[in-house]
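S.K.: Here the structure of chain A is known, so what remains is to put chain B in place on it, guided by the hints.
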Amino acid sequence: MRTENYNPAPPPRNRAKIMVVDDDPDLRRALSLRLRANDFDTVNVCDGYSAIAMAQKEKPQLIILDLGLPAGDGFAVLKNLQQYPALALIPVIVLTARDPEGNEKRTLESGAVAFFQKPADNEELLGVIRACLQTASGWGGGFPA
Amino acid sequence: MTENEPAHVLLIEDNSGDADLVRRRLVESNSGVQVNCVPRLSDALACLDVDTPALVLLDLNLPDSHGAETFRRIRQKAPDVPVVILSGQDDPALAMKAVHQGVQDYLVKGDVTGKQLERALCYAVERQGLLRSLEIARQQQLEFKNQFLSHVSHELRTPLTCIHQYVTLLLDGLAGPISPDQTDHLKTVFKSVNQLHAMIRDLLEATRVDSGKLRIERRCVDIGELIQQAVAMMRPAAAEKRIGLEVGVDRSIPLVHADPDRALEVLINLIDNGIKFTPPEGSVVVKAAMVETDPASVYLSVSDSGRGIPQASLPRVFERLYQDPGRVDGNRTGLGLGLYIAKEIVTLHGGRMWVASDEGSGSTFSFTLPLYSLAKLLFPVIVHQGHLREALVLVRVELTPLCNSLRGSWKETCARCLDLLRRCVYVDKDLVLPPMAGSGPVETFFVVASTDMERVGIMMDRIRGQVGALAPLQSSGTLRVTAEPIPAPPDADPRTLEQQVWGVADYVTGIIQQDLCNGHS
Chain A
1 MRTENYNPAP PPRNRAKIMV VDDDPDLRRA LSLRLRANDF DTVNVCDGYS AIAMAQKEKP
61 QLIILDLGLP AGDGFAVLKN LQQYPALALI PVIVLTARDP EGNEKRTLES GAVAFFQKPA
121 DNEELLGVIR ACLQTASGWG GGFPA
Chain B
1001 MTENEPAHVL LIEDNSGDAD LVRRRLVESN SGVQVNCVPR LSDALACLDV DTPALVLLDL
1061 NLPDSHGAET FRRIRQKAPD VPVVILSGQD DPALAMKAVH QGVQDYLVKG DVTGKQLERA
1121 LCYAVERQGL LRSLEIARQQ QLEFKNQFLS HVSHELRTPL TCIHQYVTLL LDGLAGPISP
1181 DQTDHLKTVF KSVNQLHAMI RDLLEATRVD SGKLRIERRC VDIGELIQQA VAMMRPAAAE
1241 KRIGLEVGVD RSIPLVHADP DRALEVLINL IDNGIKFTPP EGSVVVKAAM VETDPASVYL
1301 SVSDSGRGIP QASLPRVFER LYQDPGRVDG NRTGLGLGLY IAKEIVTLHG GRMWVASDEG
1361 SGSTFSFTLP LYSLAKLLFP VIVHQGHLRE ALVLVRVELT PLCNSLRGSW KETCARCLDL
1421 LRRCVYVDKD LVLPPMAGSG PVETFFVVAS TDMERVGIMM DRIRGQVGAL APLQSSGTLR
1481 VTAEPIPAPP DADPRTLEQQ VWGVADYVTG IIQQDLCNGH S
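In order, the protein sequences belong to chains A and B. The opening position of the first sequence corresponds to residue 1 in the working numbering, with each subsequent residue numbered one higher. The opening position of the second sequence corresponds to residue 1001 in the working numbering, with each subsequent residue numbered one higher.
Chain A extracted, bound-state conformation (with noise of 0.2 Å):
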């Protein structure tokens, strides 16, 4: 299992935690210095085994999961999810380089909250991380209001 940390620094307790899943490591750090700068946490891992490991570990209020992983794919990533109670709830959203056709339903009907292309626009993307930690918190979710 591998994590890369780019922040040091304790976090201050009212941010939210991030896990970013992706195989492709310059992605995961871009996208990991775009999530700093808006105020997240993040928790990096490369692959669909290790992502369930971590997540358990650092309870994250959400995921963004790439579909083309190593031991395991994003599906299976999802599924997984389901298994454990305590992070069934966290929502999922899905940044991948497919076809939206085909795989956007099914990233939907599998639990991902919303699905997204490569190069996803960050202000859209942004959007929709700060929406689903709201209703996350609505539901009684693991954020913190």
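Since the hints were made in silico from the structure, they are not lab data. Misleading hints may appear alongside valid ones.
Unchecked claim - Mimicking DSS-like on lysine-lysine, the simulated pairs with C-alpha atoms at most 30 Å apart in a straight line are: (1) B:LYS1145 / B:LYS1287; (2) A:LYS17 / A:LYS105; (3) B:LYS1287 / A:LYS105; (4) A:LYS57 / A:LYS17; (5) B:LYS1376 / A:LYS79; (6) A:LYS79 / B:LYS1213; (7) B:LYS1411 / A:LYS17; (8) A:LYS105 / B:LYS1213; (9) B:LYS1145 / A:LYS105; (10) A:LYS79 / A:LYS17; (11) A:LYS59 / B:LYS1411.
M.R.: Leaving out everything else, chain B in the frame of chain A:
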């Protein structure tokens, strides 16, 4: 027909003398061929239903079919079986026609010996086999090409995303301050990234068109609204070149039955082209109108005041990979797939697309989209035994998302609700109208029900019970079901049944249009 296995030939010949002769010749030649002889085309077609012979030996003039029609019917029934014609007439023109339609040989009775006949049949089987393997190889090539393009497009997307991400990080100042010059250069990179992205998208789209995988989802669309949307999206690009972007839409245009996303794609593509090929200070005009001679379609056009298209190039502009031969440096035009894709989208809708151009003064691209004919949909449902149903009710099902619902999953939830709704009504008595294309998040479905206000409650309860119980809807939105009677035409109405149905359709369309105008759905 091959040397090691006995093959069987279907001989279609109504003259028993001729049939015997052929059989004898084949036996004489000692080829071990089994011959099954039938006298009529109908018998032959029945035989081909249950068995596939190695070859069909065919007389053209049969009691139930003549000439070219005979082999056309056989080819249609068994396209992979080689056909050899054995005719009494030495007719070179007919023979050539037969060969062009896929017949392997044309032999004249009495001209061929047993050995020659056997050889002719043997080569016919071989030729047909070669043709078949060529066709299979062609299909495989096509499939390979599509898979290749699809794969390459996806693989290109990953590094492109990376460039996109880091350029926007720099542009947004997230990696430290940048100078105005650096900003300018980065914006140029960003623009090129977007062009590359558009090309990859077009490449995938064209692959989808080629493999017949382009799908459209029709809705009721207010075309004026859609044009405004397209124009609003293209205004910045027009303003940058100081090009006037004007709209002329006849407000009385009825609703159109089209995929709103795809129709928008076509409009944007045409407007984008117009802007690209028009010099600064020029103009691009988007129009929609009805034409008297074609009352079932709406006519849309995008005209520009650019330099026009040479007469000789006009027939080619919709071809794949067509590039403007006179383009000047710095005016990047893309892959040349946009118009090809646009035309395919329009064709899928049952419409037409064409271009008119005067070199030097501009071009006009026009296309048609079918109108939404509610009457046609309603007729089989609201007419029973030659009369309009006694009572009709319009049921309105409104789905309103909670404020935090996400666009993607809300769309999916609405689609599942529509599926369920269709199962809540009687197929032959009620009609769930095609969904409408609205700009807001509220989704409204309409049902025209053949019942009265007293009994419609049962249907409404069913909808509330089944659609309302859908888990994704419960967690992300609310459901509201209401009903209103559709006024019946007066008793002594002299109008024809068709006119009565039109009346109902107009009434319902009016309500839907009002809904669209109010920003609902």
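S.K.: It remains to establish, for every hint, whether it holds in the given structure.
M.R.: Comparing the hints with the structure gives:
1. B:LYS1145 / B:LYS1287: Given that 30 Å is the threshold and the Cα spacing comes to 38 Å, the pair is violated.
2. A:LYS17 / A:LYS105: holds (27 Å)
3. B:LYS1287 / A:LYS105: violated (35 Å)
4. A:LYS57 / A:LYS17: holds (12 Å)
5. B:LYS1376 / A:LYS79: Status violated; Cα separation ~45 Å.
6. A:LYS79 / B:LYS1213: holds (28 Å)
7. B:LYS1411 / A:LYS17: The hint holds at about 27 Å.
8. A:LYS105 / B:LYS1213: Holds - the C-alpha atoms of LYS1213 of chain B and LYS105 of chain A are around 16 Å apart, at most 30 Å.
9. B:LYS1145 / A:LYS105: Cα-Cα ~26 Å, so holds.
10. A:LYS79 / A:LYS17: Distance of about 21 Å is within 30 Å: holds.
11. A:LYS59 / B:LYS1411: With Cα atoms ~29 Å apart, LYS59 of chain A and LYS1411 of chain B stay inside 30 Å; holds.
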